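Peer 1: One-letter residues, chain by chain:
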Amino acid sequence: MRRGSGTAARRGPGTAAVVLGAMFVASVLAALMLGAYAIPLGDLVRVIGDGPSGGTGVAHSVFWQIRLPRVALATIVGGSLAVAGVIMQGIFRNPLAEPATVGVSAGASVGAVVAIVVGLSDLPLGVQLAAFAGGTLATALVYALSRSDGRTEVVTLILTGIAINALAGAIIGFAVFVADDDEIRSVTFWSLGTLGLATWRAVGLVLPLALLGVVLSARFARVLDTLALGDAPARHLGVPVERVRLRAIAVVGLLASAAVAATGMIAFVGLLVPHILRLVMGPRHRHLLWAAGVLGAIVTILADLVARTSLAPAELPLGVVTALIGAPFFLLLLRTTRRDAGGWG
Amino acid sequence: MSATRPGPSTAPGGGGPLSCTGLGVRVRGTTLLHDVSLEVRPGELLAVLGPNGAGKSTLVGALAGDVPLAAGTVRLGGADLATLSHRERARRRAVLLQQNPIAFPFSVRDVVAMGRAPWGDEAGIDAAMARLRVDDLADRVVRTLSVGEQARVAMARVLAQDAPVMLLDEPTAVLDVGQQESLMRIVRGLVAEGRAVLAVLHDLNVAMAHADRVIVLREGAIAAEGPPRAVLTEALLSDVYGQRVRVVDAPGHPTPLVAVDPSPGYASPSG
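As you go down the protein sequences, you meet chains A and B in turn.
Position one of the first sequence corresponds to residue 6 (the working numbering), numbered consecutively onward.
Position one of the second sequence corresponds to residue 1030 (the working numbering), numbered consecutively onward.
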């Protein structure tokens, strides 16, 4: 018997849960303690014990007003992007798909940039709401344009996404052209992604949407497995492919729009996390979905820690960090996956 | 209930056969199938033959519900196919396509288990793998297997679906002679269990040896139908394929053999 490359990678989901859980706790602790103002473990325990309104001091306000909402938002956004990536790759049967492929990220960034340039940023959550609206609209548009005869061909869908992305790029470029200097800085920082604007209000805005998206995504687990066979064979096995794809895209739109609306564009989380997990745990979506939520959170928390500590007191855009770490790693993954599994076909 | 239509009754257990009447398929003004009527009976292997482009795969697609119909109806288990949900269809018929690519590194066991999707359980997976002799490969990643192994995995998945009607589009196309024979023995076993099997076959000798009945398609219409010995004559095959063939009795061989006649100069009457 030949083992190794051709044998399915299978770590038990129990082992994965323990490892991911430990990694999550460690990364949360690190992100809460480290930064421009260090909070040692003893102080951390004390300010947590004091409660959000009980204590005083710098450590107390840094923890409750800055660090904790930031870590919470990183968890929600990273988890949402990674789960959206798993669903996207599943319905497209393509490991290179991610929320950006259907134009969600581009649409959301158009919404935010337009909001900044026309002055909606003065309104509370004006940019975020505009981003959410833009992402949802773009998702619906891509889907409507790529349907014909009641069916959606995968290639058409992806090509339509590319066209929408190009259109969005042009609109953003034009917005930058007409914007003043302050607005350009705001647009640039936002479109590179940041958790620097994390507040409890932002957490409150994104959390219900993310939770709804994650709960709904659990219903797709088995169907996403079957879709790996292709549209026609999945239909022969009783999957109403069109209805499933429409619902799945709606869930992706929900998750990714919410994430992009809160933090701007964060690249590679939705692409990278499902890849790593598939190599370690195998491709079954039942396990992939929850594990992606946890690993997406871990990756985003750690990337944000790097973004705000590596050049302190300056803060790097989070999207730059995820792309700097993510892109080379992604290329490496491409190579190993091609060698081990004979490419994607 | 198929009271409107004469012919064999539905199979026991509420499954039942597959039939179509007046089937027509048009794609962008081109007629791919015209007025095709047929019935697959329980306990029967119906082979569909014909040259490339005759509409064999289109017929499988139309019977499976993949291809929109320009005319006619398909009945599955006594009901109009168009009125059945995807799940109801999947519990009544299984389909094996010519190509079975799989995205992502799923294992053999994962893929065979997908055959149980319409039922939502795990029954019969091991038995299906054993029957196609892919049980040794259960933990292997399907797309790292050989073409023949992948074809057997796809067939095991169809077997696990456990449907009373099976549509097989060239199930033996990528198999060697030995694998082809053992696959056809498995198909005969399914037929012996009372299933209705329609198989598109390329190899006329496979059809001659294993089919209960054959349908020969030419340019989207049925050119001949009946028991293989009666239908697969030198005249008909030479005409349909535009190639002179010989049908010869071989001593000690249970069925006649179809062989290409190498002498040149045959002009098909139909073109």
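Simulated from the structure, these hints should not be mistaken for lab results.
Here the structure is a predicted model, which is why all the values come from computation and not from measurement.
Glycine included, every Cβ here is placed at the ideal spot set by N, Cα and C.
Treat the hints with caution; some may be incorrect.
[Said to hold, decoys possible] Non-contacting residues of chain B with respect to chain A, defined by C-beta distances greater than 12 angstroms in every case (computed): (1) G1053; (2) T1060; (3) E1073; (4) A1093; (5) H1115; (6) D1139; (7) A1152; (8) A1159; (9) N1234; (10) R1247; (11) A1253; (12) S1267; (13) Q1272; (14) R1275.
[Stated by the list, open to error] Coverage of chain A stretches by chain B, computed from C-beta distances (three or more under 8 angstroms per stretch; other residues unrestricted): (15) 20 to 29; (16) 300 to 314.
Peer 1: Next step is simple, just say for each hint if it's right about the structure.
Peer 2: Outcome of the hint check:
{"no.": "1", "hint": "G1053", "result": "holds, 17 angstroms"}
{"no.": "2", "hint": "T1060", "result": "holds, 18 angstroms"}
{"no.": "3", "hint": "E1073", "result": "holds, 21 angstroms"}
{"no.": "4", "hint": "A1093", "result": "violated, 6 angstroms"}
{"no.": "5", "hint": "H1115", "result": "violated, 5 angstroms"}
{"no.": "6", "hint": "D1139", "result": "violated, 6 angstroms"}
{"no.": "7", "hint": "A1152", "result": "holds, 15 angstroms"}
{"no.": "8", "hint": "A1159", "result": "holds, 17 angstroms"}
{"no.": "9", "hint": "N1234", "result": "holds, 29 angstroms"}
{"no.": "10", "hint": "R1247", "result": "holds, 25 angstroms"}
{"no.": "11", "hint": "A1253", "result": "holds, 29 angstroms"}
{"no.": "12", "hint": "S1267", "result": "holds, 35 angstroms"}
{"no.": "13", "hint": "Q1272", "result": "holds, 32 angstroms"}
{"no.": "14", "hint": "R1275", "result": "holds, 38 angstroms"}
{"no.": "15", "hint": "20 to 29", "result": "violated (count 0)"}
{"no.": "16", "hint": "300 to 314", "result": "violated (count 0)"}
In summary, the numbered hints that this structure violates are 4, 5, 6, 15, 16.
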